[in-house]
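A.B. asks: Okay, so the sequence shown: first residue is 6 according to the numbering used here, each after it adds one.
Among these hints, one or two may not hold up.
Here are the simulated DSSO-like cross-link-like pairs (lysine-lysine), alpha carbons at most 27 Å apart as the crow flies [unchecked claim]: (1) 332 <-> 357; (2) 194 <-> 223; (3) 60 <-> 116; (4) 72 <-> 60; (5) 60 <-> 100; (6) 179 <-> 140; (7) 179 <-> 100; (8) 179 <-> 116; (9) 320 <-> 357; (10) 140 <-> 100; (11) 100 <-> 72; (12) 179 <-> 72; (13) 179 <-> 231; (14) 223 <-> 179.
Hints were generated in silico from the structure; no laboratory data involved. Note that the structure is a prediction, hence the values are computed from the model and not measured.
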Amino acid sequence: MFVSGAAIALSLTYAVVFGGSQSTISVGAGGDSISHSVRGDSGEFSLRDDGLSIKAEWRGDFDLDEKGGAIASVDNSLDIEINDNGREERLLLEKDGRDVATRYWLNDEEKTLNPDTQDRISALTLRFLRASGIKAEERVEALVSTSGASSVLEEIDQLTGGHAIRRYAVLLNKNASLSEDQIMTLAEKLQRIDSDHDLSLALQSILERQTVTAETVKPLIAAATKISSDHDKRRLVSVFADTALDETGAGMALDLYETIDSDHDLRVAAESLLENEALNAEYAARLLVIAAERIESDYDLRNVLEASAARITDKNIADAWFAALEKVDSEHEVRIALEEIADRIGDNAELKQRARAVAEAISSDYEREQALEALEEN
């Protein structure tokens, strides 16, 4: 059962770390929640969503079998309880010498261990692992080694909650090289994630570890458009900018850039994109138009102009650059921008004339003189 969208999209998430202890609590608007607390090798997990409740508590570490689907050993104990719309199950595993003592209850009645009970224990164990994301590294490694990357993609469909999906996706990209079809399949599955943070990290892992092509970048950008956080979008645009994008990919990354609102994030993302060679003159000019329209801060807009100054000799970029400069009100920032292009325009008479006209319009004697001096020296 997948945690409801409202539980995640409208949730508050708290993460607290003290020394070796860590607690994460996600509370949804409808009272749905996921909490995960770890103290060294011990911890607790709980999930509540509609009629489903999963609780687990472990003392000491525990290990999975080689297939990653069952508990092979416990250092002390592992206690799991699941209530699914009134159907109650409990599994208690305790260390017993070198073995594991296993007890199982169904609706408060302890059951004798037999093949039917073992099937129920296996299903309960998988449900706990899939809901919590605990032991994800061991599970992904086991699945990849025994059945390949496709088995992890299938497993992702069974996971409960965006946090677990993100963990499995990141580990899959770490442990396997994916084909184009597998990358596109994974990108589609990631759209189940509602958390901006988890989605951006999952997509980032693909960009950093897989080969992105003109085909695979499309579903990746489509998944990224779900992100509402400017911080997470900016970070993802910067990662896109660090990859070997072709023109199609660069254009789609620019589409994502256009959805950012924060001045700071628009500026940082622009600086990253302008360093990518795939951002051709047409796209660079478009970026400047977007920046001029959306960035209100003179400081941030001037920094974007600085970052694009190296391309000023292209006519389309120059037109967009000077149009953006008109949006800067601070004469101090205008002067700094003109100084940045002063040694880049060379003998281009038209650019020199345009730059000088802007400088001469500065009302401040100091700022005007500084700008004209910089332009005359070059």
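A.B. asks: Quickly compare the C-alpha distance for residue 60 and residue 100 to 27 Å and report which way the hint goes.
C.D. replies: holds (20 Å)
A.B. asks: Regarding the pair residue 72 and residue 60, is the alpha-carbon distance no greater than 27 Å?
C.D. replies: Holds - the C-alpha atoms of residue 60 and residue 72 are around 24 Å apart, at most 27 Å.
A.B. asks: What's the verdict on residue 140 and residue 100, does the C-alpha distance respect the 27 Å limit or exceed it?
C.D. replies: holds (19 Å)
A.B. asks: Does the structure keep residue 223 and residue 179 at a Cα separation of 27 Å or less?
C.D. replies: With Cα atoms ~21 Å apart, residue 223 and residue 179 stay inside 27 Å; holds.
A.B. asks: Is residue 179 within 27 Å of residue 100, Cα to Cα?
C.D. replies: Between residue 179 and residue 100 the Cα gap is close to 33 Å, so the pair fails against 27 Å, i.e. violated.
A.B. asks: Take the C-alpha atoms of residue 320 and residue 357, compute the straight-line distance between them, and say whether it is at most 27 Å.
C.D. replies: holds (13 Å)
A.B. asks: Can the restraint linking residue 332 and residue 357 be considered satisfied, given a maximum Cα separation of 27 Å?
C.D. replies: holds (20 Å)
A.B. asks: Would the pair residue 179 and residue 231 pass a check requiring their Cα atoms to be no farther apart than 27 Å?
C.D. replies: Satisfied, since the Cα-Cα distance of roughly 24 Å is no more than 27 Å.
A.B. asks: Run the distance test for residue 60 versus residue 116: straight-line Cα separation, threshold 27 Å.
C.D. replies: holds (20 Å)
A.B. asks: Regarding the pair residue 100 and residue 72, is the alpha-carbon distance no greater than 27 Å?
C.D. replies: Holds, because 21 Å separates the two Cα atoms, which is no more than 27 Å.
A.B. asks: Tell me if the straight-line CA distance from residue 179 to residue 116 falls inside 27 Å.
C.D. replies: Violated: residue 179 and residue 116 sit about 41 Å apart, past 27 Å.
A.B. asks: Would you check the hint for residue 179 and residue 140, treating anything up to 27 Å between C-alpha atoms as holding?
C.D. replies: Holds: residue 179 and residue 140 sit about 15 Å apart, inside 27 Å.
Hint violations for this structure: numbers 7, 8, all remaining hints satisfied.
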